[in-house]
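Undergrad: Chain B: place on chain A using the hints.
There are 2 protein chains.
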Amino acid sequence: MAEEFTVTPWEVKGRVDYEKLVKIFGTEFIGEELFKKIEALAGELHVLLRRRVFFSHRDLDLVLEDYEGGRGFFLYTGRGPSGPMHIGHIIPFILTRWLQEKFRANVYIMITDDEKYFDEPGMSLSEVKKWAYENTLDIIAVGFDPDRTFIFHDIEYIGKLYPMAVKVAKRINFNTARAVFGFTGSTNIGLIFYPALQVVPTFFEKKRCLIPAAIDQDPYWRIQRDIAESMGYYKTAALHSKFMPPLTGLEGKMSSSKPETAIFLHDDPKTVRYKIMKYAFSGGQPTIELHRKLGGNPEIDISFQWLHIYFEPDDVKLKKIEEEYRGGKMLTGELKEYLVEKLNNFLEEHRSRREQARELIKIIMYNGELARKMWKEGPWSPEDLE
Amino acid sequence: MAEEFTVTPWEVKGRVDYEKLVKIFGTEFIGEELFKKIEALAGELHVLLRRRVFFSHRDLDLVLEDYEGGRGFFLYTGRGPSGPMHIGHIIPFILTRWLQEKFRANVYIMITDDEKYFDEPGMSLSEVKKWAYENTLDIIAVGFDPDRTFIFHDIEYIGKLYPMAVKVAKRINFNTARAVFGFTGSTNIGLIFYPALQVVPTFFEKKRCLIPAAIDQDPYWRIQRDIAESMGYYKTAALHSKFMPPLTGLEGKMSSSKPETAIFLHDDPKTVRYKIMKYAFSGGQPTIELHRKLGGNPEIDISFQWLHIYFEPDDVKLKKIEEEYRGGKMLTGELKEYLVEKLNNFLEEHRSRREQARELIKIIMYNGELARKMWKEGPWSPEDLE
Chain A
1 MAEEFTVTPW EVKGRVDYEK LVKIFGTEFI GEELFKKIEA LAGELHVLLR
51 RRVFFSHRDL DLVLEDYEGG RGFFLYTGRG PSGPMHIGHI IPFILTRWLQ
101 EKFRANVYIM ITDDEKYFDE PGMSLSEVKK WAYENTLDII AVGFDPDRTF
151 IFHDIEYIGK LYPMAVKVAK RINFNTARAV FGFTGSTNIG LIFYPALQVV
201 PTFFEKKRCL IPAAIDQDPY WRIQRDIAES MGYYKTAALH SKFMPPLTGL
251 EGKMSSSKPE TAIFLHDDPK TVRYKIMKYA FSGGQPTIEL HRKLGGNPEI
301 DISFQWLHIY FEPDDVKLKK IEEEYRGGKM LTGELKEYLV EKLNNFLEEH
351 RSRREQAREL IKIIMYNGEL ARKMWKEGPW SPEDLE
Chain B
1 MAEEFTVTPW EVKGRVDYEK LVKIFGTEFI GEELFKKIEA LAGELHVLLR
51 RRVFFSHRDL DLVLEDYEGG RGFFLYTGRG PSGPMHIGHI IPFILTRWLQ
101 EKFRANVYIM ITDDEKYFDE PGMSLSEVKK WAYENTLDII AVGFDPDRTF
151 IFHDIEYIGK LYPMAVKVAK RINFNTARAV FGFTGSTNIG LIFYPALQVV
201 PTFFEKKRCL IPAAIDQDPY WRIQRDIAES MGYYKTAALH SKFMPPLTGL
251 EGKMSSSKPE TAIFLHDDPK TVRYKIMKYA FSGGQPTIEL HRKLGGNPEI
301 DISFQWLHIY FEPDDVKLKK IEEEYRGGKM LTGELKEYLV EKLNNFLEEH
351 RSRREQAREL IKIIMYNGEL ARKMWKEGPW SPEDLE
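In the order they appear, the protein sequences are chains A and B.
Residue numbers 1 to 386, in my numbering, belong to the letters of the first sequence in order.
Residue numbers 1 to 386, in my numbering, belong to the letters of the second sequence in order.
Here chain A stands alone, though its shape is the one from the complex (with noise of 0.2 Å):
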């Protein structure tokens, strides 16, 4: 029997068939040669690319000719900022400063403030604000070239992205919005006007743009590929990821409204230990003796999968690991303890680097080299708003 799922920008329910996706989404999977290309390219294989959590992607071939031709690309991404940020949301940003680093790319992050506003319906401007500044917090402490980082909040840098919000807002209509975006008439005229800022950033710089993000988020950018060339840039490409499956099971993703199904960065060891035991769905047998016996499946084991995802980047320690648990030689039990000393090395390394974000923050939203350009020229020349 086939297995049922659902995957819109806005929904992730069932267990994701991700050929079946790509086909759906008419994206195309990373070969082995873009694999090596990257490789060659970066010198080395972040172990996102190599474990294939990022597994499928939009022109990123014409991004690395763009590259070795001299002509370069930047990155694009962002964040809503509706509450706390969970181990889940950063794994972009991750990706994004190694390609940043690697490729000695610019960054464009946006803080949809604006958006989240629109869309918590109980959520005030002060609330979606402190969080704005709190999700920059996290991201920053992922390690951003502050000379080539550029954070903006909706809100606060719409001086500059409404110019061009308006040329692209002119070019999509209410049925287009509504069949990407599933808005109805009860939708806000706010968050109906949104899509036209998030295509801005895409025609930051007049290079191609790279955009790594989970693979759910695709449709939205089918409104830029779609625009851009009549508008004189190019279409954006997109690196898409897997989701992170959430503690409780692989189905769905982590979602911050049940945070038994999510490690937030801000959880204490004893939170992540505690919910790690008491939720992380196990792969393993009832009891210790049929363990032993018929072994453990990684497969379905949610703390194996986390390893697997970015918790364990050593391969060869994954693949002992994986041999020892489906052997029946590591028990569910050791398994776990080994993902929560992982998490808890990561979340307090994170945690002492955003302790340095809030010196950083001025740098890359107001002061740094790109920033500072982004604010007194402004991503514009005279001919692009003709």
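Calculated directly from the structure, the hints in this document are not laboratory data.
Take the hints with a grain of salt, since some may be wrong.
Which copy is meant is left open, so a pair is good if it fits within one copy or across any two.
Said to hold, decoys possible - Quick list of in silico lysine-lysine cross-link-like pairs, BS3-like style, CA-CA up to 30 Å:
no.	residue 1	residue 2
1	K36	K320
2	K130	K206
3	K270	K258
4	K342	K36
5	K342	K13
6	K376	K206
7	K317	K102
TA: What follows is chain B alone, placed relative to chain A:
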């Protein structure tokens, strides 16, 4: 037989029955008492009020109470810069200027370059910006107080408008906007968002806002009146005018796309004479003999109606013209010559003030007392944006 007419913000068709319109729109006639109160407070009654061109209102009584109570009020109006302005466009600005002088009120004038760019399929951003500049000169030529008036172009001033626009936009859903503005699935998402921006200036001061405009614009402000109090502001007040009839007769309104219906502010004396002689619908008789015998009908004569509306402010002279025309003593040609002279005097004076406006534009948009405050401090306190 009842005459058919249509009045929506985007269409005026047929001969308007203003009694009916006031009932349908749910506005109120300005009663004799209210006119007397304006006269008492202002020391006189402007010709546009005396002639009942402005005839309907919402909350004008409360505006005057606020004025008497020392709380004051402010004025807000605007212009969509899609082309040259005609006589009909300038009328509301003339009354607004008078109200400013008599009630010492601040005036905010929104030049909706974004809206017109969204609304006119073939128009480029540079064209709409050109018209924004040209129209601003015409508006300044009306004679606003440079230190109490702030004219702003949406795209340029968006940085200050947007933080409040997001609060407004969250409170307007697509169904509401569609009903009021006539949107369809093929309306672009910029135009759908625009109503949120249109509301924002009604919150520029923590006083009651008064909007002088033709009555077809009233539905736009119902949205403001629905949400204002829940946001801690006053419902906006409005002062409604009848339509200045097109040259071609009493039906519909002047249209820039049909030059024979309108006198433009840039029309030279010869063009004015030609248009009035050729197109101004006459209430006279087919032959001089018949006219001398039966007399003309000033009720349907556009030349007389234009004199009545604004261009012969002297009540005694107007009365005399009416009697002579009705009595057959004054011929259509003579009536037209009278109007031509009045119009050309008005336009000559307008154009000379328009030349001075080239200097004033910097003051009214950037450096005047009010403009400086609107750019430096901006219209909002931190509490307004929570």
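Undergrad: Next, verify each hint and record whether it holds.
TA: Against the structure, the hints:
In this assembly of identical chains, the alpha carbons of K36 and K320 lie at most 30 Å apart only when taken from the same copy (25 Å versus 94 Å across copies). Proximity of K130 to K206 under the C-alpha cut-off of 30 Å is restricted to the inter-copy arrangement: shortest distance 26 Å between copies versus 33 Å within a copy. Taking the shortest Cα distances, K270 and K258 sit within 30 Å of each other inside one copy (18 Å), while across copies they are farther apart (76 Å). With identical chains, the CA atoms of K342 and K36 are at most 30 Å apart within one copy only, with a shortest distance of 28 Å there and 81 Å across copies.
Taking the shortest alpha-carbon separations for K342 and K13, only the intra-copy value of 28 Å comes in at or below 30 Å, while the best inter-copy value is 73 Å. In this homomeric assembly, K376 and K206 come within 30 Å of each other (Cα to Cα) only inside a single copy, at 18 Å, whereas the closest approach across copies is 33 Å. Taking the closest pair of Cα atoms, K317 and K102 come within 30 Å of each other only inside a single copy of the chain (25 Å); across copies the shortest separation is 84 Å, beyond that limit.
In terms of the numbered hints stated before, the structure departs from none.
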